[in-house]
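Produce the complete structure using the sequences and hints provided.
As given, the protein sequences belong to chains A and B, one line each in that order. Using our numbering, the first residue of the first sequence is number 1, and each one after it goes up by one. Using our numbering, the first residue of the second sequence is number 1, and each one after it goes up by one.
Since the hints were made in silico from the structure, they are not lab data. No experiment lies behind these values; they were computed from the predicted model shown. Incorrect hints may appear among the rest.
[Said to hold, decoys possible] Using 30 Å as the maximum straight-line C-alpha spacing, the simulated BS3-like pairs for lysine-lysine come out as follows:
1) Lys-74/B to Lys-237/A
2) Lys-229/B to Lys-237/A
3) Lys-237/A to Lys-443/B
4) Lys-114/B to Lys-129/A
5) Lys-441/B to Lys-536/B
6) Lys-250/B to Lys-441/B
7) Lys-508/B to Lys-229/B
8) Lys-229/B to Lys-190/B
9) Lys-74/B to Lys-536/B
10) Lys-189/B to Lys-334/B
11) Lys-114/B to Lys-483/B
12) Lys-237/A to Lys-422/B
13) Lys-229/B to Lys-455/B
14) Lys-74/B to Lys-508/B
15) Lys-114/B to Lys-443/B
16) Lys-229/B to Lys-189/B
17) Lys-114/B to Lys-237/A
18) Lys-422/B to Lys-141/B
19) Lys-190/B to Lys-237/A
20) Lys-129/A to Lys-375/B
21) Lys-141/B to Lys-508/B
22) Lys-229/B to Lys-424/B
23) Lys-375/B to Lys-357/B
[Claimed, not checked] Pulled a few chain B residues facing chain A out of the computed Cβ check, cut under 10 Å:
24) Val-22
25) Met-23
26) Asn-33
27) Leu-79
28) Gln-83
29) Ser-87
30) Arg-89
31) Gly-101
Cβ coordinates follow ideal geometry from the N, Cα and C atoms, glycine included.
The lines below spell out each chain.
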Amino acid sequence: MAARTKKTHDFAKHSLIWFVLFFAFFPLYIMFEISLKDNAQFVRNPWFPFPPYHWENWRFGWQLVNSYIANSILVSTVAVAATLVTALLSAFVFARYDFPGKTALWYLLLGLLFMPGIMNLVPLFILMKDLNLLNSLVGLTILYTVGGQVFCVFVLRNFIEDIPSELFEAAQVDGAGPIQQVFRIVVPMSGSILATLAILRFLGSWNNFIQPLVFISDDFKQLIPVGLMRLDGEYVKQWGQMMAGFTIAAIPLVLIFLFTMRLFVRGLTAGAVKG
Amino acid sequence: MSAKALFQFLRRYLGLIVLAGVMLFAAVRVAHNQWTYEAPDVLTIRLCHWQLESGVREAFARLMREYERLYFKKHGKRLRVIQVPVSERGYAQYVNTGLVGNIAPDIIEKGHSKAAYNPAYVARFFLPLARYLDEPNPYNKGTPLEGVPWKNTFFDGMQGAYDRQLLDYYYIPFSMFTIRIFYNVDLYKKIIGHRAPPADFRAFLGACEQIRRYAERTGTPIVPIAGSKYGANVFRPRYETPFLFDIIRKCDENLDGTTDAYEAYRGYRRGVWNFNSPAYLASRRCRLEIARNFQAGWLAALRDDAAFMFIQQRAVMIATGSWDARSLVDQVGKSFEIGIFDFPIPVRDPEYGQYVKGPLSEAGIRGGIPMAITKQSRHADICIDFLRFCTTRRNNETWNRAVTWLPVIRGTRLSPILEAFKPKIRGYYGWFDYRISTAVKLKAEGYRWSLFAGKITPEEYGRVIGESYERTGAEGYRELLHKDALNIRNLERILDGLTVRLAVAPPKDVELSRAKVTQLLESMQYFTFMNAVNRKELAQVEAVAGGPAE
Chain A
1 MAARTKKTHD FAKHSLIWFV LFFAFFPLYI MFEISLKDNA QFVRNPWFPF PPYHWENWRF
61 GWQLVNSYIA NSILVSTVAV AATLVTALLS AFVFARYDFP GKTALWYLLL GLLFMPGIMN
121 LVPLFILMKD LNLLNSLVGL TILYTVGGQV FCVFVLRNFI EDIPSELFEA AQVDGAGPIQ
181 QVFRIVVPMS GSILATLAIL RFLGSWNNFI QPLVFISDDF KQLIPVGLMR LDGEYVKQWG
241 QMMAGFTIAA IPLVLIFLFT MRLFVRGLTA GAVKG
Chain B
1 MSAKALFQFL RRYLGLIVLA GVMLFAAVRV AHNQWTYEAP DVLTIRLCHW QLESGVREAF
61 ARLMREYERL YFKKHGKRLR VIQVPVSERG YAQYVNTGLV GNIAPDIIEK GHSKAAYNPA
121 YVARFFLPLA RYLDEPNPYN KGTPLEGVPW KNTFFDGMQG AYDRQLLDYY YIPFSMFTIR
181 IFYNVDLYKK IIGHRAPPAD FRAFLGACEQ IRRYAERTGT PIVPIAGSKY GANVFRPRYE
241 TPFLFDIIRK CDENLDGTTD AYEAYRGYRR GVWNFNSPAY LASRRCRLEI ARNFQAGWLA
301 ALRDDAAFMF IQQRAVMIAT GSWDARSLVD QVGKSFEIGI FDFPIPVRDP EYGQYVKGPL
361 SEAGIRGGIP MAITKQSRHA DICIDFLRFC TTRRNNETWN RAVTWLPVIR GTRLSPILEA
421 FKPKIRGYYG WFDYRISTAV KLKAEGYRWS LFAGKITPEE YGRVIGESYE RTGAEGYREL
481 LHKDALNIRN LERILDGLTV RLAVAPPKDV ELSRAKVTQL LESMQYFTFM NAVNRKELAQ
541 VEAVAGGPAE
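Structure follows, in structure tokens:
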């Protein structure tokens, strides 16, 4: 009886999981199988792949999106690295040192978390214009770096505060300066949270639409979200080529998740259990 | 290293290796782009447009590469002309942010953005071209157009491109466009029994009826016309303005062949027309009859959805412009034969004929794909030269043949498929603008789709818009007068600037500057006079109609 109940429960659980997975993977499947069709095949049967397979769509799709992908990878990766380095140093200062106005500064910083990004768009545009950073990948990288600071500092400060202070004191006794403490104690102990933040920031930068749209004007400097939107603007769409472009554009993110999934999950659950 | 050690190494560092590889690819690609487009010894000209139709980008690219080679041959310097195709829905934002941020492309296709139409913005951001247009196009050397002023090499002498408020030319057109109905000849013949397009409006409705019946009888998902909001707007001028020629004639006080918002309002107050005048009502009924032949749910369909329906033979006809000819022909391939015919106007129609004098003439057609040079451009001289290169007889013809559009340079030949798109001069010219206030504009736009959705009748539509017109018309009229007064003030400022420029102009430019001052003075006189007339006429109309409308 108990075995049958367990089987029923398992079946329900598995069905639910399959149901969720179906909805998660269905768009990816559709995107992939349409990428192998021409328009006539797409209209005849949009659901299943059938020959002839138009692999040349992928060649065309690659030509369409490879510049966008390269720009996105470069900007996102450099921005993530810069964000983490600067946020880690700031968080370390907030976590380990007392200085006048620390609390006020902290709350001021937290206040920024509640400010919708879109509200800053016009002042940011004027600022970027004055700094001669419009239509520049460097400008966009700086923007992404700055944009990720507050959240990362907020998360990292709490994490660093949880590291036993004896470790830092021992390092000080051994002659380690603040930078050495950060790289010898904080970094090794917060690998998972750093990886999680890196992934979150990378996703944020990769998917950011409004900033590249507003700040970048040259097509060869454009990033993937805006580039894909422009592919969608065709009057008579070549669905196969477009879907090939979309599929290629999704590959870097899939790769990143493939290699960092473990770290990501570990980071999300870090600190969940005290003890 | 043993295989096991290698496996362990890969297992451990695969992610890092992939990341390094991807970063290397990204860095190389970005560096390559920088080298191609922004190397110190490369001059770069950027041109943005929203023409994403099939073949346009390739045609631009061919012209650009040819010009780059020519430039290198002439000057020994590397030049890159790059195009930035932007979809229509983001075009205005793209242009506006570019112009405001001083990062706009050198050449911009004028349109969509307020900056492209509002004289204040046009004057601020775009280069006036009159002085270049008066000179011959050097690329016409050795052709029949040699020595002819550049503007006279265009089909209309650039009349359509002249800005009557700023008294200058601000763009160079590449093509011209007309609208027609495309039809699937094979399908049409199979259903109707012959391939000849409908001879008149009744035959057109009859053909639509036959197609509907065929679809019902055979269970085939075919509709007579592929519809969308965009498509409905294509039908509109052909089945609205011809119904209003009589009203236009009666309201047209300054005899320019059109009825502007002032004249329309005064005509309305005098009782010449209202939104439920028989002719107006008939035009709405006529368009409703046509819209019944669109597919179910067409109000939610986009332009490309309708095109796709036609390509996939789920619609026998589609109304669109010559700009879509190439896209449709390319997409259809050998699947079926495409025919093109002009909109059948109900001139002798038993129901509508009494209101329709004749078709709308295409004599007043203007050049399209208007390319303007931004004042921010650091290479305006090269931009001018590039546009001259593009508008020689040979290059304009080649470019337009490649995209299957109508060329704008005199003596150019058309692609055979475009014969049906040749502008038809015969017919009536006219325009009726009733949009006196923002409220009326919004109501008319919003309720139009309710009308087509069958939520309201043509009479109800007329009543709703009429109420809004009655309520906000007088205020809108005064608002328009105020805007005109502001425009006149702007012209005064421009006049001041021109007068100063005339005083310091080098001898070679004196003639041109003097001509401009004279033209501007005449123009100001005209606008001031019209403003006074419009003020006075309103007072007279209100006196006759028994006091100002509330």
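Now the hints, each set against the structure:
1. Proposed proximity of Lys-74/B and Lys-237/A is contradicted: the alpha carbons are some 40 Å apart, above 30 Å.
2. In summary, the hint linking Lys-229/B to Lys-237/A is supported, as the alpha carbons are separated by about 18 Å, within the 30 Å threshold.
3. Proximity of Lys-237/A to Lys-443/B is assessed by CA-CA distance (about 33 Å); at most 30 Å being required, the pair is judged violated.
4. Restraint check: the Cα-Cα separation between Lys-114/B and Lys-129/A comes to about 21 Å, which is no more than 30 Å; the hinted pair holds.
5. Proximity of Lys-441/B to Lys-536/B is assessed by CA-CA distance (about 25 Å); at most 30 Å being required, the pair is judged to hold.
6. A distance of roughly 23 Å separates the Cα atoms of Lys-250/B and Lys-441/B; the hinted pair therefore holds under the 30 Å criterion.
7. For the suggested pair Lys-508/B and Lys-229/B, the alpha carbons sit about 52 Å apart, so the restraint of at most 30 Å is broken.
8. Restraint check: the Cα-Cα separation between Lys-229/B and Lys-190/B comes to about 28 Å, which is no more than 30 Å; the hinted pair holds.
9. Of the pairs offered as hints, the one joining Lys-74/B and Lys-536/B is violated, with about 61 Å between alpha carbons and a cut-off of 30 Å exceeded.
10. At roughly 16 Å between alpha-carbon atoms, Lys-189/B and Lys-334/B fall within 30 Å of each other, so this suggested pair holds.
11. A threshold of 30 Å between alpha carbons decides the hint, and for Lys-114/B with Lys-483/B the separation of about 16 Å falls inside it, so the pair holds.
12. A distance of roughly 27 Å separates the Cα atoms of Lys-237/A and Lys-422/B; the hinted pair therefore holds under the 30 Å criterion.
13. Of the pairs offered as hints, the one joining Lys-229/B and Lys-455/B holds, with about 16 Å between alpha carbons and a cut-off of 30 Å not exceeded.
14. For the given pair, Lys-74/B sits about 27 Å from Lys-508/B by alpha-carbon distance, which is consistent with the 30 Å threshold.
15. Only pairs whose Cα atoms come within 30 Å are accepted, and Lys-114/B paired with Lys-443/B is accepted, the gap being roughly 22 Å.
16. Taken as a hint, the Lys-229/B and Lys-189/B pair is honoured in the structure, with Cα atoms around 28 Å apart against an allowance of 30 Å.
17. Restraint check: the Cα-Cα separation between Lys-114/B and Lys-237/A comes to about 28 Å, which is no more than 30 Å; the hinted pair holds.
18. Among the hinted pairs, Lys-422/B with Lys-141/B is consistent with the structure: their alpha-carbon atoms are about 28 Å apart, no more than 30 Å.
19. Taking the CA atoms of Lys-190/B and Lys-237/A, the gap is near 28 Å; set against the 30 Å cutoff, the hint holds.
20. Our distance criterion of 30 Å between C-alpha atoms is met by Lys-129/A and Lys-375/B, whose separation comes to about 17 Å.
21. Distance restraint check for Lys-141/B and Lys-508/B: the Cα-Cα separation of roughly 24 Å lies within the 30 Å cut-off, and the hinted pair is therefore satisfied.
22. Between Lys-229/B and Lys-424/B the CA atoms are separated by roughly 25 Å; this keeps the pair inside 30 Å, and the hint holds.
23. A threshold of 30 Å between alpha carbons decides the hint, and for Lys-375/B with Lys-357/B the separation of about 46 Å lies outside it, so the pair is violated.
24. Interface hint at Val-22/B: satisfied, since its Cβ lies 6 Å from the closest Cβ of chain A, which is below the 10 Å cut-off.
25. Because the beta carbon of Met-23/B sits about 6 Å from the nearest beta carbon in chain A, less than 10 Å, this interface hint is met.
26. Because the beta carbon of Asn-33/B sits about 5 Å from the nearest beta carbon in chain A, less than 10 Å, this interface hint is met.
27. Here the hint on Leu-79/B is broken, as its CB sits about 16 Å from the closest CB of chain A, past 10 Å.
28. At a threshold of 10 Å, the smallest CB-CB gap from Gln-83/B to chain A is about 8 Å, leaving the interface hint in force.
29. Look at Ser-87/B: its Cβ gets to within about 2 Å of chain A, closer than 10 Å, so that hint holds up.
30. Annotation: Arg-89/B was flagged as interfacial toward chain A, and the flag holds, the nearest CB pair being 7 Å apart, inside 10 Å.
31. Satisfaction of the interface hint for Gly-101/B is found here, the shortest Cβ-Cβ separation to chain A being roughly 5 Å, below the 10 Å cut-off.
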